[in-house]
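> Residue numbers (the numbering used here), protein chains in the order written: chain A, 1 to 133; chain B, 1 to 133; chain C, 1 to 409; chain D, 1 to 409.
The hints are simulated quantities; they were obtained by calculation from the structure and are not laboratory data. These numbers were taken from a predicted model, which means no experiment stands behind them. There's no promise every hint is true.
[What the hints assert, rightly or not] Cross-link-like lysine-lysine pairs, in silico, BS3-like; alpha carbons within 27 Å at most:
| # | chain 1 | residue 1 | chain 2 | residue 2 |
| --- | --- | --- | --- | --- |
| 1 | A | K107 | D | K137 |
| 2 | D | K166 | C | K137 |
| 3 | B | K92 | B | K80 |
| 4 | D | K137 | C | K166 |
Okay, here's what each chain looks like letter by letter:
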Amino acid sequence: MDANIYREQIIDLYENPLNYGEIENPDFTYEEDNPLCGDVIRIDVRLDDQNRVAEVAWRGDGCAISQASASLLTEEIKGKTLDEVKAFPSEKLLELIGVPLSMARVKCALLSLKVLKAGAYGIPDPGTMRTHE
Amino acid sequence: MDANIYREQIIDLYENPLNYGEIENPDFTYEEDNPLCGDVIRIDVRLDDQNRVAEVAWRGDGCAISQASASLLTEEIKGKTLDEVKAFPSEKLLELIGVPLSMARVKCALLSLKVLKAGAYGIPDPGTMRTHE
Amino acid sequence: MYDVERIRDDFPILKTEVYPGVPLVYLDSAASSQKPLTVIRAMDDYYEHYHANVHRGVHRLSELATTEYEAAREKIARFVNAPEIEQIIYVGNATEGFNLVAYAWGRANIGSGDEILLTELEHHANIVPWQILAEEKGATLRYLPILDDGTLAIERLGEFLTERTKLFSFTAASNVAGTITPVRELVDAAHSVGALAMVDAAQLAPHMPVDVQAMDCDFLAFSSHKMCGPTGIGILYGKRHLLETMPPFMSGGDMIRRVTFDGFVPNDLPWKFEAGTPRIAEAVGLGAAIDYLSSLGMDAVHEHERAVTDYAFEALSDIPGIRIIGPLGSQRGGLISFTLAGLHPHDIAEILDKKGIAIRAGHHCAMPLHQRLGLSATARASFYVHTTFEEIDQLTAALHHARSVFKLK
Amino acid sequence: MYDVERIRDDFPILKTEVYPGVPLVYLDSAASSQKPLTVIRAMDDYYEHYHANVHRGVHRLSELATTEYEAAREKIARFVNAPEIEQIIYVGNATEGFNLVAYAWGRANIGSGDEILLTELEHHANIVPWQILAEEKGATLRYLPILDDGTLAIERLGEFLTERTKLFSFTAASNVAGTITPVRELVDAAHSVGALAMVDAAQLAPHMPVDVQAMDCDFLAFSSHKMCGPTGIGILYGKRHLLETMPPFMSGGDMIRRVTFDGFVPNDLPWKFEAGTPRIAEAVGLGAAIDYLSSLGMDAVHEHERAVTDYAFEALSDIPGIRIIGPLGSQRGGLISFTLAGLHPHDIAEILDKKGIAIRAGHHCAMPLHQRLGLSATARASFYVHTTFEEIDQLTAALHHARSVFKLK
Ligand SMILES: Cc1ncc(COP(=O)(O)O)c(C=O)c1O
Ligand SMILES: Cc1ncc(COP(=O)(O)O)c(C=O)c1O
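If we strip away everything but chain A, and leave its shape as in the complex, we get:
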């Protein structure tokens, strides 16, 4: 059995992430970590006047899966409405990643979506979180 979860695209995205950075005055922003491994992701979103994602950026620290997933997710939601973001299915993100994942790694893969939805639902910051960089 080989490490086939690391297909080309994942490694490319890990090295050259999409939408990496910050937004000034975002409409919402949220950060969370996976407490069992220390992966952390922050997502900033700016909406247009129709409540569609006008701009999205993320920062974070973690494994190739969680970081590639953030690139893929942020790319995918551009132009989507807030309601579509709230309803974004986990399966869809796992499909975009497109490699078989174990239970522990599914959590890595879905961290970005968890963060995005928490922000979209307006959940307050849960603790004293902070990117370790």
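The hints should help you fit chains B, C and D with the ligands onto chain A, whose structure is shown.
Just chains B, C and D with the ligands now, kept in the frame of chain A:
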């Protein structure tokens, strides 16, 4: 295997204990229970002017082994000096009982001796003990 | 059909000889039950094929161990009909369940002048943690009395439950009197004065269906080792809003989301209450025990024990000088505590042991109840899924024999 | 002679294939060690032949169970050279040992303005219980810094140990940096300002001889599951006068001498701290683990691990982009934590897993230490009695392979 620990004498002593009762103004008195089973024994001792056991009495509640042991022990120490009482060997009491005992029952058998020695050494009453009768 | 002989084959220990030529008659399941082979093998399989620390591992063994550890939690949740899996907290034994609530909920919610109501039936596990809490906080403990038949004096509840009562903690099934209490009625009474209700299910969960939603209790605790599972693990169930607002009890690894030199953020339920490397093999074993009991069916288990207990009650009642503690029939779980005039419980247990019959003698960790009954000790025979009528006959014969050893007429 | 191949035969799991055709290379013993067959069989034997509740029973099985439960305590006392058997308290894991001391000793002895000294190396188990205690009591936590090589800044002890310090609690062996600390020197320093000293031996007891009298520590805690024993049990050692004057921690059955409706009298040591039905099978298993380790000899175990670790240190040092955490040589226990530039620890662990190699990635329950090191996660390979040089070669090769998957030059 039969219940050969219940030889005649033990059962006789259980029914007709020796030295059962109380002494007014004893020189020392002590009471203790075996917390794991609830057996309890109190021993009162009066010494003569040569520090020998002049009078001894016991009360208690418990199994045939612990109660017979109290009869045998109190009978045995009459006339002994305080120092002899303090040094009374456990083996001697087990011999007097004269039947093979399991670990749990050895504790029953030696409860009376534990109480006697605590009294002889002048240990203060350890708690809020009281005979359940 | 409930085939007790087939069930006996599931328990390796029942083939043991206690002394050469003397087979085991195990009538001490209320103290701790024996284990079916499937439970023992489930733990062997864990240690031989997929042991690893859980939750924090990427590698395959850790993944497998985590899956099984959490799968057991799900089985337990289903077994007691918990609304959500996260409401099932692994603890060391039922006792730790009471301590967790006394420390984490009690210290934050009990104050001076408050009352905690218990009953005269309780096991030390459901007394001493509250005594410590009450002493620390200046609260008062009260005990709902029992009637002479060992049932609760329910009609006096109004005297004992007041607006000062913050918690009513009571047993669902007494380990001495055998009494099965009307849990839902007691829970409702507690709620009607604004108190929480905690249920001691240590003697219920092994023997009868448990439904925490039907009970509507706020907390409930039980032990694995009394229900075919391993030692070293027990369960605390709690209502979600309570568990969420309670501070942690034990702390360290696994129960945190984040730690800095300055402080920490607790983890989500249920892990918030599970500090350090958990009882992994024990959870796997308990999961297998739940599977085993479920395969028998808890209604069938209860029915079998009822039949055995009724039979034993009748047989023992005929022994001269016997005093049976607790109620008759449908209000009694599968155990009988008793005294015999002229024979101390310890001596009874000793004589029975030599015939291979394991019963318990003493206060069964319920000294206050014994005081209330005017006794320092009782003998107790307790029954389980594998108990036969023949074993009851052996018990009865051995008790007659014990009387003859002590020359009782 | 230390025959590692013969030793490997003692561990059934080492014959496991993690994936079809991929045998297990277990380099995660610091998280939890594997179990020799004798340990697994000792628990089977208990459950199949003499399981019963302990201490309170007259019957034969209870007698046997009690004997083995207490015999294990004696083995453990000898293993750590405790002066008296009663100083060995069974708890759920090392974490519970820290919680017991924080609750029972700490709440009675720590007040506002007092200081508790820890170190930057500590595991969450030796941080969070003190954070909760300090917060409750208005005390202050301080952390003895480390140097960049992961050793303690011993020369700065004078700044951190003051007459306000009531407790210095520190690890004997770090689970991340591998650092072995000079325990006796640290204990003496604590005592010189009148503070108590508690030792985290979770990573020491499995790997080296432990002598609590030579250490002169006041408390010491470790876990069974890291030293060939079962999950669900750990040990707290304490000096007798401390254990005797401390109030109980958990309460209920077994830890009492007497209970009335009005109060209770605690039992003698060690049972005063063991509430409810204990971890009986787990104690039996731990006793068997102690026998197993003693049969190998702890000096031989340590020497073997030293050789393996030195070999691994050298081999890993050659990998481009590697950063090894912690000191060299004699100050290091049998583990190596590291990072690889351009490869996240999780991805390393994942790639290695597919080759059957189990290592751990993450913060290893030492987030503050990782913050201090400027890292969010490390990869950790840890070694034990059964680790071979060939396994280290496989590790090294797999790390090179991981770099090539990520196209690192
Ligand atoms: C140094 C150290 N201390 C304490 C612990 C806590 O041990 P446990 O999780 O078994 O309570 C561990 C292991 O996780 C450790 O490595
Ligand atoms: C009614 C009752 N409650 C609580 C307990 C405590 O259980 P454990 O000793 O497993 O914590 C027991 C058993 O000993 C019991 O019978």
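> So if I understand the rule, the pair passes when the alpha-carbon distance is 27 Å or less; does K137 of chain D with K166 of chain C pass?
Holds - the C-alpha atoms of K166 of chain C and K137 of chain D are around 26 Å apart, at most 27 Å.
> Could you grab the alpha-carbon distance between K107 of chain A and K137 of chain D and see if it respects the 27 Å cut-off?
The given pair, whose Cα atoms are some 38 Å apart, is violated under the 27 Å limit.
> Take a quick look at whether K92 of chain B and K80 of chain B sit within 27 Å of each other, Cα to Cα.
holds (14 Å)
> Check whether the Cα positions of K166 of chain D and K137 of chain C lie no farther apart than 27 Å.
Holds: K166 of chain D and K137 of chain C sit about 26 Å apart, inside 27 Å.
The structure does not agree with numbered hint 1 stated previously, though it agrees with all others.
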